[in-house]
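Peer 1: So you can see what is in the structure, the chains are spelled out below.
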Amino acid sequence: MKNLLIFMGLLVTCSCSKWLDEEPKAVSEVTFYNTEQEAAAAVLAPLNKFRSGFAMSFPGLMESFADYQYGRGSWASNSDYKGLDPQNVSRSDGIWSSLYNAIRDCNIAISRLPEGSDLTEEQKSAFIAELRFIRGFAYFTLVQLWSEVPLRTEMNMDEWDLPKSSLDELYAFIVADLEFAALHCPQTERLIGTPSRYAAQGLLAQVYMQLKNYQGAHDLLKSIIDSKRYALVPVNTVRDFEKIFGPDVVNTTEEVFYLKSTHTAGWQFVMFCSHPNAVIDGKKMHGAGGWYGLYTRTGNTLFDEWDNADLRKGYNTLFLDLGLGFDTYLPTKFYDPLAPSSDNASNSNPIIRYPDLLLLYAESINELHDGPTQEAMDVLNRVRRRGYGYAPDQPASIDYVLADYGSKAQFLELIIKEQAYETWNEGKRWLFLRRLGIAAEKVMDAKGLTIEEKHYLFPIPAAEFNYNAALDAGRDQNPGY
Amino acid sequence: MVHKLLKKWCCLASCLCLGFHALGQDTVTGRVTDEGGTPLEGVSVSVKNTANSTSTNVEGHYSIGARQGNVLVFGYVGYGTQEVEVGANLTLDVKLVTKQEALDEVVVVGYGTLKRRDVTGAIASVSGQKMSEYVVPNPVQALQGRAAGVVVTTNSGAPNGNFTVRIRGSNSIRGGNDPLYIIDGMPSSPSSINSLDIESVEVLKDASATAIYGSRAANGVVLITTKRGKSGAASIAYDVNYGIQSQIKKLDMMNATEWATFYNEQQLNDVGKTYFTDEQIAAMGNVDWQSLVFQNAPIQNHNLMVMGGTEKAKVLVSGSAMTRDGIIPNSKYDKYNLRSNIDYNFNDRFSLQLNMVYTRTGRSDQNSGGGNRGGSLIGGTLASPPSLQPYNEDGSYQNLQLAYPFMSNALLNPFNILNETSSKTNANLGNINLALGYELIKGLSLRTSLGIENNDYQTDYYRTSKYLYGASNASISNQHDMTIVNENILNYHMDINDHALDAVGGFTYQQYVGKSSSMSGSNFISDAPETGQISGASIFGIPSSGYTKWVLMSYLGRINYSFKGKYVMTVSARSDGSSRYSPGNKWGFFPSAALAWRISQERFLSNVDWLSELKLRAGYGRTGSTAISPYATLNMLSQGKTPINGDMGTFYAPSTTLPANLRWETTDQINVGVDIGLLTNRLRITADYYDKITKDLLNAVILPPSSGYGNTIRNIGKMGNKGVELMVEGDVISNDRLLWTLSGNISANRNKVISLYGGDDVYGSNVNLSYINDFIHLIREGEPMGVFFTYKENGYTDDGNLQYIDRDDNGTLSVADKMITGNPYPDFTYGINSDLSYRGFDFSFFFQGSQGNDLFNVGETANLDQGMGLNLRKGVLNSHWKPDNSPEANAAAKYPRVSRSIAVQYSDRFIEDGSYLRLKNISLGYNLPLQKWGIQWCNQLKVYVSAQNIWTLTKYTGMDPEVNSLGGNINIGVDYLTYPNVKTVSFGARVQF
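Residue numbers (the working numbering), protein chains in the order written: chain A, 156 to 636; chain B, 117 to 1109.
Same shape as in the complex, but just chain A (with noise of 0.2 Å):
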């Protein structure tokens, strides 16, 4: 007996501490990013991070901006140019949270990768690339709306205490990141709405625009342009613009990179932008309804000036009745009558399009040469008669005419106007007009409102004052919060 019992007690000891050890059924980080299907499942986590926060958010406060458009409900007191209130507030945090939850996934990634075990050095470069491409556009856009920010690296990933960069280091950061992914990024993308060479190249013109680099804007975008990579999309009628921007498309010739949605995992911003009563070509605008908060209206010159026989006039904007009192137009650019529900718009999301580098290209050879060259006139032209229905490659008689805006102002008016009708409702027509300074003006021209001095900087989050020793209220914050 005793025996027995002295047995039992030592094979219960014996095979006690195995039982204890955990399994888990899931993936670590330790056993991570070492093969080629692991570091695009890497690329893909920042990539994600966008969807909350900056994929609604971000466009939406940007239109709400915007010298053409105005926000309605909740979104209506930012088209007062005051300033952001609290309600508005709590979306710029979410396009804060988003960004940075980002640039989190891509400094893990960059840390690790140069480890992995099971992929050749040009493959690192590659991924690392695509990850240093994306980190470079979540930080472009913090410094566009908010100004100076922390900056997160994968050098300093454990420091939770990181004061705000000069906007010269920050620009270095993002000029190096995109100068890295500019070489190294596959030259036709891996997967469609994974950056190509193309695309870290577009962004960096942008950046260098931004920091008024023409020459190197310049150059960039002719190679970009000379490549033959990306074509304009011809269109006929009003609907062939479904060809670019509907719900259907997976890739086109003017696919520079997008942010990719489909049925199962969407688009918010055309939720937004619907409303459940909108008929466009038959069919609902959006499976599920519609928030409607983004309106134009008569009344605004630049909506009035625009000549009808222009096709995106009719295409991104609809007649409806909101019932404020005045005719209201929709922004109708994107559409999805078999969305499922209202996070599930499969339109993707054209962060940078063919005619934007296009029209940025026009903007380069005119601050360049002092005025535009036939070239540049060229260029604008070939945007604008797609616009209209024409073939680009041909001369139309709509086309501008080179002595007729021979002086750099008078063209770069054109470009702005282009500009505003091209990308409508694209989320770029406010950081455009900031960055040609003057957005006051046009704001004016257009809607006769004032902008206060406060409304040109979002508000760095409370969060981050709470949490980030490094950072302080009373200094920190951005002027007029």
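Mixed in with the good hints, there may be bad ones.
Short derived list, chain B residues pointing at chain A, Cβ under 8 Å [claimed, not checked]: (1) 694; (2) 700; (3) 753; (4) 756.
In case anyone wonders, no lab produced these hints; they're calculated from the structure. Even for Gly, the Cβ is constructed at its ideal location relative to N, Cα and C.
Once you have looked at the hints, place chain B on chain A.
Peer 2: Same frame as chain A, but now just chain B:
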């Protein structure tokens, strides 16, 4: 005429029965009462040294086969046993006498039982009769107000029961604060137990009682023991109950005329002209949305229990069915139970206990609450304008968002949600517990048990194509849990002269494996199959699955020693190993020690007649809390899907929490208590004082958003709880005809956070209403956990807007201007119970209350969001700032100037006193005098009416003061549009054969 015939027949039958007995032997009958003459039911009567036994009925009568010269043994809880010899007269009435020591009442403690006089810890007992006094969906809810130190708060009124249980306060920030539930020795969830199966509940409160449960005992232990068969005649009992539930209180929302008048004023202030004309206002109907949505609903319960047995085998079988409809249509909770408890003695040494339970629950949820601007079912019910109908003229649902241009685009039509969405959860819960006991030598026995619990849940969610706010959608999720518990316990008992020793030691192993899976699809062509054909979807969601396993191994031991029945000492120790912690930190050690001194046994008190019991207790112990989820110390990557290349691609990304080396949270507790019995225990008082400190609290260190992480977790932090508990119970009147027992308990707990990481404040989660997105609760050193931390209003500005105190005077409103404005914890909680029985009538009532706790009324913030066309409370129209008011009238106005740009923040405006006193149960019953009518075949027929939550005293202006919309942990005390609580009126009957 019929009555006479019936009587004659009954007499004849009973004569025959008696005659049967007389064939074999004589019959002895009689009545057993206590000293006061009150009849005692259930007294066991047996013929000494035979297997012949019976028990007394409700009138105290018994009848047993015996003859002159036999010795009858009478035994009853609290009276010990008494032997009486049968004389020539075969009628034997017996008066049982309470003995001083008949606190030989047996109390269930961890891993064994002790006599009440030997208990050194703080243990509260609640009888099974009290647990089943009124119908509750989850038996633990019946503990509310019954035991000092146990605070049960209702989180929401959903039919399946949603509540928080705290024993002596909350110990942990991140870990659970729920007590450990042990059912018949096996750790389990009590939610599906049939209340009428419960024999008794013991709540172990202090460390010397709970330390034997080690690492899960820091929050107290609730031991539930179910009824078992008894030897003797078989008995069958049937209970039935039927009641109607209704909403306790409706909110005073505006009617159509008031609503239109109000929005005219708002439009005039903000836009420059009114919107509604007088003709339009006159033509509006009035729709009372609350009355349409919250309707009276029935609840019923049926229970059948059969038990009986012999010396060798005892069996109990019970089956019950409870169906409870919710006051929101299409919500309900059904519970079906089947149980059999078997005891079998193979011989003097070897015994077996087998419990088998099967439960099936079915739930239909309509819990959509919270949200903002009417964006949920409950929110929409309150916020929908009274001028709008739920349906259009053609019968389709009206999309309320489009009714007016200023209408909020978040407002949902409640009927669209009620009728076109359904969420049903069905569960099969099976539990088998087998224990074998073997007596090795005299006094030393071994008990080995194996418990298996297998739970399966399936939730079917379907949204039809008539849903206005999205396409048709189906989802199915499954959860499968399997728990295996094996316990091997040695028990040694020795009783020599003045020494009594009770020792327990053993080893236990527990394992949990949980698996889950889910799938979803949307855009169905037909709604008919609901979730039955998910392959018919046009668009598929991403399916998911999960797996969790954890293991707990323990060694435990306890020695209870008493000397002369006067001095008692208990020492216990437990060593727990858990798989959740990092290697090197997996084991924890939890000891305890306690002493008790029964002063009333000392010679110097033996002459004090009125003092029947005086016992002092003191104990100290350490318990632990597991507090982290499995795999939390491993650096796991979470997986997801994102669109790429026209399809969905898989990504892996780190989670938002940075993991680190973690270990147990431990709680050290001191308890000092006294038990007093006066006047032969007619008055019983128990009082306890306790002080406990929890160390190595797991604390989230929140990281700034620029880090990309939400937080990291560290073992830093300390929390303390101290308090007093008092329980008083007395038999006020106890005689032949009238029995009146009164009992009450009161307890006060003070919670304090002692230290946090870096001394930094930790903020509660943000409550995002879109017009406010801020946190409400604070965890700060020196304050209770989860105090309200908000701005403080400072009157109105010159143009009638809200303004707040700017503490640091810097012109902007930030966290530095917030202050502690309320405390969600009560000053004290109490319960008062009265039971009166007189000549077959039973009358009882039960009050329960909480005093001094504050509530944060998030729903009230909607009254300051004036621009979205939503319905608001009448007070907003009747009492607000107006430019042409006098300054005094404006200063006294409850609400600011009507406008869509009110500067509303979370402030002390929304904090209210949530104290309440509630009549939880009142019931009147009548036991038909079957004995008098000579009916022998039926032992008891009782009918009764009762009401629950029928009367409430409170100052709270929200729907109900019993609410915890965001749970009972850090975000405690928030009222945020949850399923309303109900009051019930019911009647029922009990018949026993």
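Peer 1: Hint by hint, note whether the structure agrees.
Peer 2: Hints, one by one, checked against the model:
no.	hint	in the structure
1	694	holds (7 Å)
2	700	violated (11 Å)
3	753	holds (5 Å)
4	756	holds (6 Å)
This entry does not satisfy hint 2, going by the numbered hints stated previously; all others are met.
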